[in-house]
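Mind docking chain B on chain A? Use the hints.
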Amino acid sequence: MRITGYNYDKFTYNLFDSMENNNTYLEVKDLSKSFGNFEAIKNIDINIQEGEFVCFLGPSGCGKTTLLRCIAGLETQSTGSVIQKNINISNEPPSNRDFGIVFQSYALFPNLSVFSNISYGLINNKWKKADIKKRVDELLSLVNLTEHALKYPSQLSGGEQQRVALARALATSPGLLLLDEPLSALDAKVRVFLRKQIRDLQRKLGVTTIMVTHDQEEAQTMADRIFVMKDGEIIQSGTPSEIYTKANSPFIASFIGSMNFIPAIINSSNKVKCNQIEINCDIGNFKANDSVQLAIRPEEIQFKQGNQDDNMIPGRIKEVEFLGSFQRVYFEVRNFTDELIIVDVPSSTARKVELDINKELNLYFSKEDARIYST
Amino acid sequence: MSLLKFADIRRGKDSSDRVGLFMLISYIILFLLFLVLPLGALISKSLQNKDGEFIGLTNYNLYLQEPALFQSLYNSLFVAICSTVIVVVLAFLFSYALTRTCMPFKGFFKLVALIPLLSPSILAAIALVYWFGNQGVLKEVLLGKSIYGPIGIIMASVYWTFPHALIILTTSLSLSDSRLYEAADVLKTSKLRAFFTITIPGARYGIISTAFVIFTQVFTDFGVPKVIGGNYNVLATDIYKEVVGMQNFQMGAVISMVLLVPAMIAFFIDRYSRKKQISLLTARSVVFKPKKHFKVDMIMLGFCSALALIIILMIGMAQFGAIVKYWPYNLNFTLKNYDFQVAGLGWDSFYNSVELSFYTAIFGTIIIFVGSYLIEKLRINEGYRNTVQFFALMPMAVPGLVLGLAYIFFFNAKDNPLNFIYATMIILVVNTIVHFYTVSHLTAITALKQMDKEFESVSLSLKIPIYKMFWRVTLPVCLPPIFDVSIYLFVNAMTTVSGVIFLYSYDTTLASVSAIHLDEQGEVAKAAAMAMLIVYVSIAVRLTHTIITKKVLRKTQAWRYNILDTK
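Same order as they appear, the protein sequences are chains A and B.
If you're matching positions, the first sequence starts at 10 in this note's numbering and goes up one per residue.
If you're matching positions, the second sequence starts at 22 in this note's numbering and goes up one per residue.
Wrong hints could be hidden among the right ones.
As the list claims (entries may be wrong) - Going by beta-carbon spacing under 8 Å, a handful of chain B positions derived as facing chain A:
1) Asp473
2) Glu475
3) Phe476
4) Ser478
5) Val479
6) Leu481
7) Leu483
8) Lys484
9) Ile485
10) Trp580
None of these hints come from the bench; they were simulated from the model.
Even glycine gets a Cβ: it sits at the ideal position worked out from N, Cα and C.
Just chain A, same shape as in the assembly:
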């Protein structure tokens, strides 16, 4: 008897344990894939720990799905290798690799019931009927679909279908779970609900998981680690908060969250000058007279009363957008930049400060929150 279910206690997932043990589960080395003259992915190097949940995040066409398909063996890499549990699987066909996969389109077999879809992979492994039933029931309750066992996929909602696809992928207890934009076809509400369900399930089972997505919010809420991709390359990796706070390029800074970019020039006294206003910030390795961009996130700008201070600029409200929990205010700042400066004001603050058009307010941000990128 191989498996009747996971031993949840044994596998109970602890990110920090596995990090310390440096328990590498999957290694991608110098992987490239070309379609004709087009290089879909270039020299990818990745290490994924056992039990980790990682995301490949990037705009469409960045090569994230190609990378996932190479790991699954559904595409053949042009060069490089994939090593799973210290075994080089680069040349193995998908049927010899250990993974389960979930697609954006669900890819449920339309003529098979939910039960038969989930048991599809078990039947081949010569399980006894009773064991199959037990396993499928277990999976159905795991994804909260017990009462739908005898329905056909077309009788389920999109979210339910995707949970069936998840159960089917997990049925054979694969060591690696691959999720290819699993939530992109779903409604906003269902998406948020499934995000949490998938994440909880993954924690519970401790299965190493790779998810491909173009939705930065999804990546940030679900992943232990994010690999941001652009034009076939990984341009930054790290925890969600690292990526958000220490974005290493203007592309990532604007792709993940929103960002005000202001053209600036480094002056001699370790400050930057935006048009006629000087701003205090850490200029890093830049030298005097370098042309740079000053970047500040909308939620890091506050209103401040009082005298002229460092990093305090006078703005005039041009437009206000109501976005529920916060309001997005567009400020004109003379002698600073031609673009409008975006400031996100929590609704609680907005109630205190009246945000009327043409009202003048002083904007302030701390030295630490101001970042500098090359142009």
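Then chain B, alone, in the frame of chain A:
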């Protein structure tokens, strides 16, 4: 870690990959044997003299200097273009009535319009002989002109190609976005202007496609001009005369090439316009629902009734002619016309036809469906897959008569190891499958394209071999189109003439060919009876198909109908 440097760039293959590769190569070999090489033999025949020596383009020169043969090319083009114009106009109005008006009895009209599909093309010609021939009921209507000639050919061609045009145009007209019409309405556009600025442009690729399909069908048809052409020669009858009458195979090959070229051009234009058509409608379009408009609805009802009446009168006359004693002198009913012994043929040719259709449907469906699956779903060997796809589209461009002649040249050669299939049922089945390959192939490809492209990936990840998944999911899901393909093959094998006219032997005469020979011998009533036999079988098969669809498919396709209760 240095070991990893040796990581092979190619992915290892699993067993399904190996089987897939083997099968792709088999398909390529089969297409080479039964399509490409025979056509090659035809071309090389056209460049040889009677002794088989290479003489370059001499035969073509000879052809160009022969005014009678040249006249046939002109005649072929003339009847093909006339028929095409008439059919496109009639079929467009008919399909417009079916898709864009609230005309009553649409179901009935659709059914009647498809009747010509059930009969061989010669049935129309035979019926016309009864109506307008020397002893025809309505002979005077022609004002002294003879039905034997271009008039007859055009009328019969219009009759039998009409449903083909109707199918393409109906599909094309039903793909329309009602939002466009609403926008036109809001902008106060007149109905007439909306018709010319929205309807016609929307259907233009469908119209172009129809025109080229119909042109090719009439241009390459053999049966109709043979029966009702009289002294009016066309390319198809010329080929037959050269080959069967004068044993001049070289000239037959040359005329075949003349027939092949326009058909090929038409084929490529058709392919091109079909690709354009697809991109016109997006997923966001709202399907058009016609509104009641009494005047238009009634005009269309009148028009469609007239056409339906003509179709019924045509097939009705053929049936009537088959069961009367001696037209037009003794109109008492009899079944003696169905006793073909008198003509020295018997019922054998009918049984042969049924056998041929049966084998064609069974083997053709399997071969075509598996072939399209390999092309559509394999991840490996793109080059091989593209080659098979190209070969699968080729038969559409090759007229049946040309393919048949090519088969003679190739398989009748003494040094061909496949010579043994010559003059057997096998060569008829193979020829018929190849002849009707493309349409069936495209139907299968469309069905397969509608299936999620990740099914195979999921199966691989679950360690299920592809063939198991094919059996358990692909096949059950694709059953309806598979039935459609087999019906299409069966009916076409029953009715085809041009593909097999050169290939049958004494033991393998076919009903459609017999009908032509009976007509040749002046046994028009027996010819009508033989043609009607084909119609009966086609109807029976269609009915069976409907019953199977209703009863059997309901079970295997339960998931489509959500029959299962929500428990």
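A quick look at each hint next to the structure:
1. Asp473: Cβ of aspartate 473 of chain B sits 4 Å from chain A, so the hint holds.
2. Glu475: holds (4 Å)
3. Phe476: Interface hint status for phenylalanine 476 of chain B: holds (6 Å vs cutoff 8 Å).
4. Ser478: holds (5 Å)
5. Val479: holds (5 Å)
6. Leu481: holds (4 Å)
7. Leu483: Holds, about 3 Å.
8. Lys484: holds (5 Å)
9. Ile485: With Cβ-Cβ at 5 Å, under 8 Å, it holds.
10. Trp580: Hint holds; tryptophan 580 of chain B Cβ to chain A Cβ min 4 Å, cut 8 Å.
This entry satisfies every hint, going by the numbered hints stated previously.
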